[in-house]
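Residue numbers (the UniProt record's numbering): 1 to 307.
It should be emphasised that the hints constitute simulated quantities derived from the structure, not laboratory data.
Being a predicted model, the structure only gives us computed values, none of them experimental.
Be careful, since some hints might not be right.
Stated by the list, open to error - Ranges between beta-carbon positions, derived for each pair: (1) A122 x G211: 33 to 41 angstroms; (2) D204 x S257: 19 to 27 angstroms; (3) R306 x N169: 12 to 20 angstroms; (4) N230 x D141: 24 to 32 angstroms; (5) A226 x H188: 34 to 42 angstroms; (6) G124 x A156: 34 to 42 angstroms; (7) N230 x G95: 24 to 32 angstroms; (8) K252 x N230: 15 to 23 angstroms; (9) G124 x N230: 34 to 42 angstroms; (10) D121 x G207: 37 to 45 angstroms; (11) P250 x G98: 23 to 31 angstroms; (12) G207 x G148: 38 to 46 angstroms.
C-beta: ideal position from N, C-alpha, C; glycine also.
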Amino acid sequence: MARHHNVNVARDDTVARRAATGKRCKARTSTLASTSTSTSTQHSTSSHKATSTKKAAPTALTTNKDDNKSESSGGGNKPIGNVSGLIRITDSSCGSPGATQDITATHGPNGNIDWFNCGVDAGGWRPPMVTVDDVVTVPLDQAVKESGSPFKACAAYIDTFTKYANEHNIPPIIIASIAMQESSCNPHTVGGGGEQGLMQITKDKCGGAPGGNCQDIDYNIRTGVAFFANTLKENGGSLLKTIGNYNGWPDKMTIASATAAQHSDCCLCMNNLDYLQQTMNGWFLNKDPYKAHMGKYFNLDVCPGRG
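My request is simple: use the sequences and hints to build the entire structure.
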């Protein structure tokens, strides 16, 4: 929902750089926070249009400490982690998803960055059809228990994320991932356009907030989840399109249009071209994509103060 923010809360350097914009920037640290074993699942629900084949049984997400080192420059494919479950889809409009058990800067069990960004280097972004049934995720309640999990920042809100995500048949970690991407799970985050709280909901959605407090945890999460669920429905169940839209990706976006603000007074208003890779193969799998330096474009890194 947030698009270009300069948040007014002071945090550590890694978090502050992530929260400086709705498109978010990447920390240049080289190791991944979570190194313990998880269980990944492919969500099943009857609420959305089915495009997937028969789902695999839950599989183990394992990471090796030595493999959690990301290359220092963009586009590296040294393994960050490993998972045995892979995304299941039938939409071949953008070719094979290129899913891999290893999680790298550009690939992972939910596909590869070029597949997520299908069309940005040609006629415009046209995401392949992926539903919440199709993706590999780590259960949120399990993820937060892992040593070094990035979702420990969300620990106080896990029950609320789960409550409202379940009401809409959405894996709770998808909702928590949005909160991590948008606000680093800081409930007091305020965006440059006045976006509020964990889910960075816009001012027009704050009318029913208790006492006018749009940062109220329950209200903010409930409203953000409802907006995401409604957008998902309007998009015919397309998860990639909905995640992109929430972060400001317009239909038919190209590399040129995404980076058009680079030389403006609002460099951070550029769209983060690595966003879908960071979300799908990072947050969804209990990996901090900034510490792992996931992506290949790193287009926000050119902005002043982004060293």
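Outcome of the hint check:
Remark: the range hint 33 to 41 angstroms for A122 to G211 is contradicted by a beta-carbon distance near 49 angstroms. The supplied range of 19 to 27 angstroms is met by D204 and S257, whose beta-carbon atoms lie about 25 angstroms from each other. A hinted range of 12 to 20 angstroms is violated for the C-beta pair R306 and N169, which are about 38 angstroms apart. For N230 paired with D141, a C-beta distance near 25 angstroms keeps the hint of 24 to 32 angstroms intact.
In this structure the hint that A226 and H188 lie 34 to 42 angstroms apart at CB is violated, the actual value being about 21 angstroms. At roughly 40 angstroms, the beta carbons of G124 and A156 sit within the given window of 34 to 42 angstroms. Evaluation of the 24 to 32 angstroms hint for N230 and G95 yields a pass: the beta carbon distance comes to about 30 angstroms. Our hint of 15 to 23 angstroms for K252 and N230 holds, since their Cβ atoms are close to 22 angstroms apart.
Taking 34 to 42 angstroms as the suggested C-beta distance range, the pair G124 and N230 does not conform, at roughly 24 angstroms. Between D121 and G207 the Cβ separation comes to about 41 angstroms, which falls inside the hinted range of 37 to 45 angstroms. Distance hint for P250 and G98: a CB-CB separation of about 24 angstroms, consistent with the stated range 23 to 31 angstroms. One distance hint, 38 to 46 angstroms for the beta-carbon pair G207 and G148, holds here, with the actual separation near 39 angstroms.
When the structure is compared with the earlier hints, violations turn up for hints 1, 3, 5, 9 and for no others.
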